[in-house]
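Enquirer: Single-letter residue listing:
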Amino acid sequence: MKLTLGEIARKLNLELRGDPSIVISGLAGLTDAGPGQLSFLFSSRYKQHLSDTDATAIVLREDDIGACELPVLISEYPRLTWAQVATFFDPKPLPNLKIHESVQVSLTASYGSELTIGANVVIENGARLDHGVVIGAGCFIGENVEIGEGSVLAANVSVYHNVKIGKNAIVHSGAVIGADGFGFEFDRATASLVKIPQIYGVEIGDNVEIGAGTTIDRGALKNTVISNGVKLDNQVQIGHGVSIGSHTAISGCSAVGGSTVLGAYCLIGGGVGIIDNIEICDQVEITALSLVSHSIKQKGRYSSGTGLLSGNIWKRSVVGFAKLNDILKRIRKIESRMKKE
Amino acid sequence: MKLTLGEIARKLNLELRGDPSIVISGLAGLTDAGPGQLSFLFSSRYKQHLSDTDATAIVLREDDIGACELPVLISEYPRLTWAQVATFFDPKPLPNLKIHESVQVSLTASYGSELTIGANVVIENGARLDHGVVIGAGCFIGENVEIGEGSVLAANVSVYHNVKIGKNAIVHSGAVIGADGFGFEFDRATASLVKIPQIYGVEIGDNVEIGAGTTIDRGALKNTVISNGVKLDNQVQIGHGVSIGSHTAISGCSAVGGSTVLGAYCLIGGGVGIIDNIEICDQVEITALSLVSHSIKQKGRYSSGTGLLSGNIWKRSVVGFAKLNDILKRIRKIESRMKKE
Amino acid sequence: MKLTLGEIARKLNLELRGDPSIVISGLAGLTDAGPGQLSFLFSSRYKQHLSDTDATAIVLREDDIGACELPVLISEYPRLTWAQVATFFDPKPLPNLKIHESVQVSLTASYGSELTIGANVVIENGARLDHGVVIGAGCFIGENVEIGEGSVLAANVSVYHNVKIGKNAIVHSGAVIGADGFGFEFDRATASLVKIPQIYGVEIGDNVEIGAGTTIDRGALKNTVISNGVKLDNQVQIGHGVSIGSHTAISGCSAVGGSTVLGAYCLIGGGVGIIDNIEICDQVEITALSLVSHSIKQKGRYSSGTGLLSGNIWKRSVVGFAKLNDILKRIRKIESRMKKE
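Chains A, B and C are the protein sequences, given in the same order. Heads up: the first sequence runs through residues 117 to 457, numbered per the numbering used here. Heads up: the second sequence runs through residues 117 to 457, numbered per the numbering used here. Heads up: the third sequence runs through residues 117 to 457, numbered per the numbering used here.
Just to be clear, a hint being listed does not mean it is correct.
Where chains are identical, the list cannot tell them apart; a pair therefore holds if satisfied intra-copy or between any two copies.
[Said to hold, decoys possible] BS3-like, lysine-lysine: derived pairs with alpha carbons at most 25 Å apart: (1) Lys-439 x Lys-449; (2) Lys-445 x Lys-431; (3) Lys-127 x Lys-439; (4) Lys-338 x Lys-280; (5) Lys-445 x Lys-455; (6) Lys-445 x Lys-456; (7) Lys-449 x Lys-338; (8) Lys-338 x Lys-127; (9) Lys-413 x Lys-439; (10) Lys-338 x Lys-413.
Hint data in this document are derived by calculation from the structure and do not stem from the laboratory.
In isolation and in its complexed conformation, chain A is listed as follows:
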């Protein structure tokens, strides 16, 4: 994993100002980078770090070049360049294109070519794995699951029956796709909760990434749908029958309640709760730890919660919060008295 600046410039079609023979052996942030590493100026705000970085070369916008005495690669979008150049320095093991001898595979499963299937994987009846699919060790692939070309499942992923995953998906360890949605009906006769069988499946589009420990439930009355380009961080929970529009990104530990429809190009922060049976339009941003308790029909940024306060101030504000209705009444009373005067 060594490349010259000249090679990097050529591969990414970037202008290089500096010696093309300089060898780059890795990437790091401006303040962490050492000799041999390429770094990035993502924003002019961090310009002051250019003078004291130990990086060997910098990717930056043409506008920022004045501040830099190091060799530079000029990019209109340094973060996109980062995404591209990082692929050259990624130590991630390549698929070995082998089906491990310990794999337990049903005779009725069907396979594309150039598969990589790790040890102790179990593949049930009727499953279909397309060309180039990679299944990590210990994964369970249920009946009639379909996994599209180039998709990669890390170790220990569980996929229940009748789940479809599109092309070029990445699914991280511990993810569970297609477990039963949480559906029960209270039966007065027995004073207990009766399970509603979750008979539909999950449809996942192309270029979707699903984080470690994330769970996507199967549907009860329709499929759960994750559209193309959706990115789900770790430990996200998607309820039954949810539909998520394309290119929406949901950060870690957020949850979407059953049958909710989430638009395209939304950005959902971490720890967000979105209740069931609502609709959220495209391009909605929700900040971390907010509760979305009603439908949203207008794009924009939404939040709930209070700011972080130090202990004593917070306690007093909590007391005040409980009295807010009383506060409003008292102000109204004062105002009406003043009017009379």
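Position chains B and C against the provided structure of chain A, taking the given hints into account.
Expert: Below, chains B and C without anything else, positioned relative to chain A:
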């Protein structure tokens, strides 16, 4: 999976108004249903969809029948009927009643009849699996674990030693039962946290469902107890020594702190946090993302948090929240001045 | 697992007041303990339970001895004594010091002595397991992973490539270490999110405990760092490039956003969200379900959120919260009018 309306009516003992020979091949919601599908009118509020649904027949209450020109099955509780009829159309694979040859099983484990044990399952010393138990591929069943009649573990479930699971439990993939509770004591001598061994186990009653990725810790000074009929959604966390009363349902991503006692027939929303060492009585409902920071002695509905607001309004309210104590003081001052006048 | 009081006193170097031949067969809390069990008075507040406990003997502080007629072990720190004595009564199975024949191990992996490796474990190229390491059934150990002396992984843990774990770590089932951080850049040309490869790894210090289902992401521009003595409860999420200072404890279901630096000796409650790219100094305490939305430079206790309220009061307070800016304006108006008068 095809049944006539007449067969469904007979099996569920429902009155049919329509041609009993009509074939039903699936279920769907009113607005999604197509030809051959049975649908449901769960509430009179959705009556308007009856006129334009493509469903072939409808389950509804007698009171709602006037609005419907399609064949109908009359049910006092359409949602309960849904739960029942969905079992006929569930494509979930049936247990194959085989013990896979790759299963690693201790000689001292004991077995009921008609077990289904998937590939690569590990069963440790002294474990006991009763009649009809199903263990999915890749599960780990620790020492002295007991699993009651008819219980089903999906793939990749981990059960630590000395956990008892009752009858007819359903445990979804990625669930972890019996990991150590989070117990440490700060030791001044070494300025570090000393682990408190979690020497008790977990007792789970009958008819309990445990969602994907849900974790239930073992106890330190007593068993963690999950009573009959409790339903835990995905990614729920139950701390050590917690006791949950029967038929309580907890939605996804909620957490219950150690030693807390939760009553029966409670409904806990998603993302709720319940602190440790408190008691919550029966029939308490907690709305999503609330923090329960003290015991609750009266049944009813409880909430915390602010409503969802759009960005700018929210920021100003957050400023106001921090000043609530000040607001109260200023109102009191105004009021006392007015009295003097 | 039976010890006499005399043996316990000798092993822990505690003063015993009572018959040293009394046999102890277990531990329990004061109100749960039965004959043969040792219990603990953790705080003088619970003294009243000493008169009606069925425990056979009590660990307590010298100051509390007056209230107790049972045999006692005197300890300055009863909770530390609990941590020590519980190790004698822990039924946790001991490692069997065997490498199971089903283990799939790369030829280039290297091993210390006295390893225990469970069934169906997969160990990839270049991995290194030091003396006494225990790997539970079904674990995946990626390329070049290093695991230090005495560390224990429970069943079904997934460790991606280039992760280093120190000595005496405990990692619970379902944990995922080294999955990709959540890093994407929006590409206007394709109107989609481009993945930023996460090319760095994870470094975990000594004596770290990692809970069930907890996920620790690998870094994008630097390693994710978990320092010595850190304790992470279940279902915690640690973002890419995060650094956590030594002996910090994080309770269940909390999440730390990417590149955030968390100090030493912090106590983070359950369900807390800490946003990305901030710094939190040493000895900060955050209460449950708080959102930490900015850096913290002063040690102390911090909170966000409202108190728990019953449904109707809460609804009115939520209305008031949305009007807080308006409330402030109205009060200012009233005050300025009063001044004029």
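Enquirer: Indicate, hint by hint, whether the structure satisfies it.
Expert: Hints versus structure:
1. Lys-439 x Lys-449: Close inside one copy (15 Å) and across copies (16 Å); limit 25 Å.
2. Lys-445 x Lys-431: both (22 Å within a copy, 15 Å between copies)
3. Lys-127 x Lys-439: neither (63 Å within a copy, 56 Å between copies)
4. Lys-338 x Lys-280: within (14 Å within a copy, 35 Å between copies)
5. Lys-445 x Lys-455: This pair counts as both: shortest intra-copy Cα distance 15 Å, inter-copy 17 Å.
6. Lys-445 x Lys-456: both (17 Å within a copy, 20 Å between copies)
7. Lys-449 x Lys-338: neither (53 Å within a copy, 55 Å between copies)
8. Lys-338 x Lys-127: between (45 Å within a copy, 24 Å between copies)
9. Lys-413 x Lys-439: Classified as between; 21 Å across copies, 31 Å inside a copy.
10. Lys-338 x Lys-413: Result: close within a single copy only, 23 Å intra versus 40 Å inter.
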